[in-house]
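Chains W and P are the protein sequences, given in the same order.
Residue numbers for the first sequence follow our numbering, so the first one is 8 and each next one is one higher.
Residue numbers for the second sequence follow our numbering, so the first one is 4 and each next one is one higher.
It is worth saying that the hints were derived from the structure and are not from the lab.
Every value quoted in this text rests on a predicted model; they were computed, and no experiment measured them.
Be aware that a few hints might be false.
Each computed PhoX-like pair below joins lysine-lysine, with the alpha-carbon atoms no more than 25 Å apart [what the hints assert, rightly or not]:
hint: 1; chain 1: P; residue 1: LYS62; chain 2: W; residue 2: LYS90
hint: 2; chain 1: W; residue 1: LYS232; chain 2: P; residue 2: LYS62
hint: 3; chain 1: W; residue 1: LYS90; chain 2: P; residue 2: LYS17
hint: 4; chain 1: P; residue 1: LYS285; chain 2: W; residue 2: LYS66
hint: 5; chain 1: P; residue 1: LYS62; chain 2: W; residue 2: LYS66
hint: 6; chain 1: P; residue 1: LYS267; chain 2: P; residue 2: LYS285
hint: 7; chain 1: P; residue 1: LYS47; chain 2: W; residue 2: LYS232
hint: 8; chain 1: W; residue 1: LYS12; chain 2: P; residue 2: LYS77
hint: 9; chain 1: W; residue 1: LYS49; chain 2: W; residue 2: LYS151
hint: 10; chain 1: P; residue 1: LYS267; chain 2: W; residue 2: LYS66
hint: 11; chain 1: W; residue 1: LYS90; chain 2: P; residue 2: LYS263
hint: 12; chain 1: W; residue 1: LYS12; chain 2: P; residue 2: LYS53
hint: 13; chain 1: W; residue 1: LYS230; chain 2: P; residue 2: LYS36
Short, incomplete list of chain W residues facing chain P, as computed with Cβ under 10 Å [said to hold, decoys possible]:
hint: 14; residue: GLU10
hint: 15; residue: ILE20
hint: 16; residue: GLN48
hint: 17; residue: LYS49
hint: 18; residue: ILE51
hint: 19; residue: ASN56
hint: 20; residue: GLU86
hint: 21; residue: LYS89
hint: 22; residue: GLY93
hint: 23; residue: LEU109
hint: 24; residue: HIS113
hint: 25; residue: GLY136
hint: 26; residue: GLY138
hint: 27; residue: THR170
hint: 28; residue: THR174
Footprint (simulated), chain W over chain P, 3 or more residues, beta carbon under 8 Å [said to hold, decoys possible]:
hint: 29; segment: 83 to 97
hint: 30; segment: 108 to 115
hint: 31; segment: 150 to 162
hint: 32; segment: 214 to 223
hint: 33; segment: 240 to 251
hint: 34; segment: 258 to 265
Beta carbons: idealized from backbone N, C-alpha and C, even for Gly.
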Amino acid sequence: MRETKEMSAFDIIGPIMIGPSSSHTAGAVFLGQIARAVLGQKPIRVEINLHGSFAKTAKGHGTDKALIGGLLNLSANNERIKKSFGLAKEEGLNYQFNTVDLGDVHPNSVQFSLWSEDKEAHVMGASLGGGAIEINNVQGRQVKFNGDYATLLIFGKNQPGTTNDVTGALVSNKINIAYMRVERLRHHKEAVMVFETDEPIPERGTKAIRALSWVEWVCQIDKIKR
Amino acid sequence: MFASLQELVKESEKTDKSLASMVIETEMVTSGKAEVDIRLQMQKRLEIMKESAQKALDKPVRSISGISGGSAHKLWHWLDKNEAITGSVMSRALARALSVNEVNAGMGCIVATPTAGSAGILPATLITLQESHHFSDDEIVDALFVASGIGMVIVNRANVSGAMGGCQAETGSAAAMAAGASVALLGGSPRQSMQAVGITLKNMLGLVCDPVAGLVEVPCVKRNAAGVAQAFVAIDLALAGIESIIPPDEVIDAMAHIGKVMDKNLKETGLGGLAATPTGKKLAENIWNERG
Ligand code: SF4
C-alpha cells in the first residue's frame, strides 16, 4: 500500500488568499500578525529587516505590504492589504524597511522590531512556503513555533517546579496542551517555555501564570486564521 | 482512496457513487462536518473564483511590479468584435484564466487551485462551461470536488509545487484537475475523467518553472491560458473515448520523476529558462534596483 497524506478537499481547492504567492503574501501577513501579538498592542513604530529572497523580491511580491498588513491585524485574505501603506499612515504606524544579511537562515526570513508607547518587541521568523511560517526568535530568545496552535510564551527564572506551575494553570482552565518545549538559557538561569494549546487560553489563565513569582514575561498568541 | 486514480475509478464503479460524492463523503469523515456545510464552503470558494475570473475582464488590472497585466481585458474586448480561432467557448475561458492570474499578480483575492500561480485554469474552465452549458452552481461545486479528489491523488504520488516539480506540477496539475472535473461535469464516466487527467498531464510533462524576477507573472499568467487549452484538448479526446496507453497514475509518477531530476535552476529559483534570458534578467534588475 502506498502511504497517503491526510488531506482536506480544501487544501487542494484553497486557501482563499491575496496574491501573488502564499509564501510571500499570506506567510508574510501571518508573520506580521504574530509580531504584533508579541507586542500585545497596536505598534506606533516598526523596523523590518528583510533577508535573502524576502529582501530581493519584497516589492515585486508585495511582501512589504503584506508584512505591514499583518502588523495592522488585517486577515490574510483582506484585499486592503494592497493598500496597507496608506492604512498604516492613517493608523499612525511609522515603518522602515532595511535589507540585512542574517546569515545562515531560511531565505524568506524577516526580523521585526516594534514599539508602542511603553513596550517593545523583537521577533524573527520565516515564511516556509504555502503560507506556512516559523517563528524562531522572540525578545532575543531562541524559540520555535508555527502559529498552527494558540501559543503561550513564558520567560522566567529557572527553578524547580516551573513546568508544573504552568501545566497546572492550564489544566485548571481546561486547556489541552498540544505541544510544549522548555529550555534553560543563560547558564541555566532562565527558563524559556513554549506551550501550544488547542484552544486559546482565557484571560484568567494567563493572569494566573503572570502572577507566578518566577515568571518575568508572558505573551499569548492566537492561532493563525487560515 | 486517494492513493491512485485507478482506485477512485474502481471504488466509484463498485459503489455506483459519483466521484464528487465520494470526495464529499471522505471530507465529511475527516472534517466531521455535515454535507451542507462542506458544500457551502466550496460554494464560497466558487464565488471568489467567479469574482477573480471577471475582475480583470471588466477593467485592466496591473501587477505590483508592472511587468504583467491588462491581457485579460484586451482579449475579452477583442472577442467582442472578432471571431476567435479557438472558438467562442475556449477563447472566453482563456480570457478568464488570464483574469484570475492578473488579479493574483495585482494582490487581489483568489482561490489557490491548487496553487496561486496556477489559480486561473480550473475556475476559468468550469465557469465557462457553466456559461455555455447552463450548469447550476451545485453542479459546478460537484465538479470542484472531483477536481480536489484528483489533486489529492497528485499530491500523494507527486506534488503540486513549482519549486519541487517545475511548472508541470503546478499548471500541469491544475489543467489535469480541470480536465478531469470537466469530463465528469459533461457526463463522462469516471474512467474517462481519469483519462482526461492522464492525457493533460502527458502533454504538459517537462514544463519548467522559470518565473522572471521570481515573480508569479511571466510566464505564469499566459501559462494559465495554455493550461486551459490543454484541458480543453484532453476533455474532447477523453469524451470521444480516446485513452492514454500509459495509465494516468503512471503519468503522475513520471511527472514526479521528471520533477526530481529537473535542474534546480528551473524550479522557481528564477535562475534559468525565461528568467535567465537577457530581457528576463534586465526586467529583474529593474524591479530589484528601482524599488529595492
Ligand atoms: S512558472 Fe513557476 S511560478 Fe509560474 S505558474 Fe509555472 S510553476 Fe508557478
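The hints, checked one at a time:
For the hint pairing P:LYS62 with W:LYS90, the CA-to-CA distance comes to about 19 Å; that is within 25 Å, so the pair holds. Distance check on the hinted pair: W:LYS232 and P:LYS62 sit about 31 Å apart at the alpha-carbon level, beyond 25 Å; violated. A threshold of 25 Å between alpha carbons decides the hint, and for W:LYS90 with P:LYS17 the separation of about 53 Å lies outside it, so the pair is violated. Simply put, P:LYS285 and W:LYS66 have alpha-carbon atoms about 16 Å apart, close enough for the 25 Å limit, and the pair holds.
Taking the CA atoms of P:LYS62 and W:LYS66, the gap is near 23 Å; set against the 25 Å cutoff, the hint holds. The straight-line distance between the Cα atoms of P:LYS267 and P:LYS285 is roughly 21 Å, inside the 25 Å bound, and the hint therefore holds. With a C-alpha separation of about 17 Å, the suggested pair P:LYS47 and W:LYS232 falls inside the 25 Å cut-off, and the hint holds. Distance check on the hinted pair: W:LYS12 and P:LYS77 sit about 42 Å apart at the alpha-carbon level, beyond 25 Å; violated.
Between W:LYS49 and W:LYS151 the CA atoms are separated by roughly 24 Å; this keeps the pair inside 25 Å, and the hint holds. Distance restraint check for P:LYS267 and W:LYS66: the Cα-Cα separation of roughly 24 Å lies within the 25 Å cut-off, and the hinted pair is therefore satisfied. A hinted pair counts as satisfied when its Cα atoms are at most 25 Å apart, and W:LYS90 with P:LYS263 does not qualify at roughly 39 Å. A distance of roughly 30 Å separates the Cα atoms of W:LYS12 and P:LYS53; the hinted pair therefore is violated under the 25 Å criterion.
At most 25 Å may separate the alpha-carbon atoms for a hinted pair to count; W:LYS230 and P:LYS36 meet this at roughly 21 Å. Evaluation of the W:GLU10 hint against chain P yields a held restraint, the C-beta minimum of about 8 Å falling below 10 Å. For W:ILE20, the interface hint holds, since its Cβ comes within 10 Å of a Cβ in chain P; the closest pair sits about 5 Å apart. With a least beta-carbon distance of about 27 Å to chain P, the hint placing W:GLN48 at the interface is violated under the 10 Å criterion.
Hint status for W:LYS49: violated, given a least beta-carbon distance of 23 Å to chain P, over 10 Å. Taking 10 Å as the C-beta cut-off, the interface hint given for W:ILE51 is violated, the closest approach to chain P being about 25 Å. A distance limit of 10 Å between C-beta atoms decides the matter here; for W:ASN56 the minimum to chain P is near 14 Å, and the interface restraint is violated. Taken as an interface hint, W:GLU86 checks out: its beta carbon lies about 5 Å from the nearest beta carbon of chain P, inside 10 Å.
At its closest, the beta carbon of W:LYS89 sits 4 Å from a beta carbon of chain P; the interface hint therefore holds under the 10 Å criterion. With a cut of 10 Å, the hint placing W:GLY93 at the interface with chain P is violated, because the nearest CB-to-CB distance is about 13 Å. For W:LEU109, the interface hint is violated, since its Cβ never comes within 10 Å of a Cβ in chain P; the closest pair sits about 17 Å apart. Nearest Cβ of chain P to the Cβ of W:HIS113: about 13 Å, over the 10 Å cut. The hint is violated.
Among the interface hints, the one on W:GLY136 holds; its C-beta lies about 7 Å from the nearest C-beta in chain P, closer than the 10 Å criterion. Below 10 Å, beta-carbon pairs count as interface contacts, and W:GLY138 has one with chain P at about 9 Å; its hint therefore holds. Hint status for W:THR170 relative to chain P: violated, with the closest Cβ pair at about 32 Å, above 10 Å. With 10 Å as the threshold, the beta carbon of W:THR174 stays out of range of chain P, its nearest partner Cβ sitting at about 28 Å, so the hint is violated.
Chain W is given as covering the segment 83 to 97 of chain P, and this is violated because 0 residues of the stretch bring a CB closer than 8 Å to a CB of that chain, at least three being needed. Coverage of a stretch by a chain is defined here by at least three residues with a beta carbon nearer than 8 Å to that chain's beta carbons; for the segment 108 to 115 of chain P and chain W the count is 8, and the condition holds. Judged by the Cβ-Cβ criterion of 8 Å, the segment 150 to 162 of chain P is covered by chain W as claimed, because 8 of its residues qualify and three suffice. For the segment 214 to 223 of chain P, the stated coverage by chain W is satisfied: 5 residues place a CB nearer than 8 Å to a CB of that chain, which reaches the threshold of 3.
Counting residues of the segment 240 to 251 of chain P whose CB lies closer than 8 Å to any CB of chain W gives 0, so the stated coverage by that chain is violated, three being the minimum. Closer than 8 Å: that is the beta-carbon criterion, and the segment 258 to 265 of chain P has 0 residues meeting it against chain W, so the requirement of 3 is violated.
Against the hints set out earlier in the document, violations occur for numbers 2, 3, 8, 11, 12, 16, 17, 18, 19, 22, 23, 24, 27, 28, 29, 33 and 34.
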